[in-house]
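Protein chains in written order, with this note's numbering: chain F, 543 to 757; chain B, 2 to 245; chain V, 58 to 314.
Simulated from the structure, these hints should not be mistaken for laboratory data. There's no promise every hint is true.
Below are the DSSO-like pairs computed for lysine-lysine, each with C-alpha atoms no more than 27 Å apart in a straight line [claimed, not checked]:
| hint | chain 1 | residue 1 | chain 2 | residue 2 |
| --- | --- | --- | --- | --- |
| 1 | B | Lys112 | V | Lys174 |
| 2 | V | Lys308 | B | Lys112 |
| 3 | V | Lys248 | V | Lys308 |
| 4 | V | Lys186 | V | Lys248 |
| 5 | B | Lys112 | V | Lys80 |
It should be emphasised that the depicted structure is a prediction, and the values quoted were computed from it without experimental measurement.
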Amino acid sequence: MLDSSYVIEGLMITLQIWVGAFLLSVILAVPVAILRRSDNLLLRFIGGIWAWIARGIPPVAWLIIIYFGLSLGIISEVPVYAAIVGLGVVNSAYIGDSIRAGLDAVPTGQWEGAASVGMNLRDTLFRVILPQALPVMLASTAAYSITLLKNTAIASIIGANEMVFYAYNASQVGVNPLVAFLTIGIVYLLFTIPVGLFARWLDARVMRSTTGVAS
Amino acid sequence: MENYLDLAVDLLPGLRTSIYMALACLAVGLPLGFLAGMALNSQQRWLRIVVVIFVEIFRGFPALLTLYLVYFGLTNFLVVGRFTSVVIAFGLTSAAYAAEIFRAAIASVPKGQLEAAQSLAFTRVQITTRVIIPHVLNVVVPPIIGIAIITFQGTALAYAIGARELLGSAYSIGMTDFRVLEPLMVAAALYLVVTSLLSWMEILADRRVQRITGKASRRRSGSARKRLKGKTDDKTSKSPALAR
Amino acid sequence: MTVPTHSGIALSAREIHKSFGGKEVLKGISADVHKGEHIAIIGPSGSGKSTFIRCLNLLELPDAGTLDLQGERVFDADRRTSASSVRALRRRVGMVFQSFNLFATHTALENVALAQKLVLGRDKNAARKRAEEQLERVGLQDHMQKHPSQLSGGQQQRVAIARSLAMDPEVILFDEPTSAIDPEMRVEVLKVMKELAEAGMTMLMVTHEIQFAQQAADRVMFIADGEALATGTPQEMLVDPPHERIHRFVKAVSGVV
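Next up, chain F with everything else stripped away, as it sits in the complex (with noise of 0.2 Å):
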């Protein structure tokens, strides 16, 4: 049997590495996605670069390049550092989409209503805008980050000993690698299909509530 300790252990890092890069993700989100919308070409070209070589790139290749290629003195040799610095600029771009998705969801009447009024930029943005764009960035924020917990497993490849890391370490020295494998194969889906049905609840709550204003 696989040690329930060890099973802890790494879920305990899988989540480090989970909540870091999403955390990393999400501010280098927010500047990729207003360079993105930027009225400036250049600046949108910017933008563009970023997300392409972000999603072009394998993972895995990203993880690899940043722990062995790239001597970044402290981020390099911590591999949970690396794989969340990796996973969290692959994310970035996902995130910067549904930041994107959300504000295009929203009508440009409401910001011309905003500006009718002579509401600032920031009322503008908190009172209207947001409250309307957040369900939408929401729903899919939530998809990707399933995604991004599964990526999370990558990091047992550069050592980070997140669950993958036991597992694999304990199917060498003797449990059978079905049992250890599909142990933290549920364990991974005690996170993933409770926020994939969220994300799906919200997602249908977003299409009604959008679709009732479109007429």
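With chain F fixed as given, assemble chains B and V onto it according to the hints.
Showing chains B and V alone in chain F's frame:
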């Protein structure tokens, strides 16, 4: 510069392996996904339940975990090679993703077109072959290319079981003279090139679907505003993240 | 308008009942359509007129009632209905929908030719020739190779009419054929329908176009709350309605515009 070109040439066999791997995975995954998508639309409750469980498991497991399960786990019963393991693992994973795409495509045939076919006295088989399947083949191309992208990038995980695909060969070339970064960067560039080609095809296919069905597709987030107006859109997910 | 002198009954519906989820939408509607006759069905939305016309094509299966085509029983709610008998009826009764319902993946020409090949077993050339004739008849000879998404609503509806005509139906049912079309495009569809009427096609049409009904229909039927309240000539029904209810409806529909 010359050095990088030489590296690219050295990496071509690895790239070829990656492409073959991806094609083999899709050759397994797409037909299986089509059948699973049909099953998800079936009237048979137990069949739907079985397929939903299959889909949830293979979409919920990290791809790397599925690969380990096949490569290390199946040795309990039979010995499978690296390439075969990749094809089994990612074939099943892509089938799970494709199932959802085919299900949505089948469900998105406009009801009116089915009624028109009925009112013209088509048989059930004729409705399937002449109305449903042409529609599905049309709308399904862009998201299937999306799956091809994920599958192609996913083959890089085969590095973890020591396969000599693109990433694996970049690493081993790097290890021979302990300069890992350069071959890895060149490999990354090659991934970027193939992914970009596929993305470009996806955009073209998407435009074609829009032209024929006259609908804004859900796949590009930029079309969100059009989506708002497109009230007649089918009730499938609006988020591209959920389609993947 | 003169009392129509038609030979025999093309379509006869008797006591058609239909409920959805316990709500009775049709409470026993009967209608006789003579050969070459044009009947307009009017009534408020939600009255059941669309459901009635869909029952005549068995897109909805009536819970009770019978259908006869040329005196031959083709549907009886009390007897088991086979898929092939449903198809046999549909082969003889054409249908034009509110939202056109063209096959999006096929060109206009293919839309008109497909059912001829599949259902009537016509060979490729015969079906193509007939499709071209019918598309010409509705004025679309220059648009045969286009996909539905490249055509305007009015053009799509004319393709749909040609598709129905190509099957040589005994009756054509129209379910609000102009409601989904921009006002300025409606004329072209109504013109085609009027030409069909003049050519002697047997037609049953649910419509909101009171003026068109007045010009093209031999008889007008008013349906409200799942019942046929009255049937009569356009003169009787539209100019001097027999019921207060019909009067109000006609005034509301034609008066405002």
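Given the hinted pair Lys186 (chain V) and Lys248 (chain V), is their alpha-carbon gap at most 27 Å? holds (23 Å)
Straight-line alpha-carbon gap Lys308 (chain V) to Lys112 (chain B), limit 27 Å: violated (34 Å)
Keeping to a limit of 27 Å between CA atoms, is the pair of Lys112 (chain B) and Lys80 (chain V) held or broken? Roughly 23 Å between the alpha carbons, so the hint for Lys112 (chain B) and Lys80 (chain V) holds.
Between Lys248 (chain V) and Lys308 (chain V), is the straight-line Cα distance small enough, at 27 Å or below? holds (24 Å)
Proposed proximity, Lys174 (chain V) with Lys112 (chain B) (alpha carbon, max 27 Å): holds (22 Å)
Of the numbered hints given earlier, the model fails hint 2 alone.
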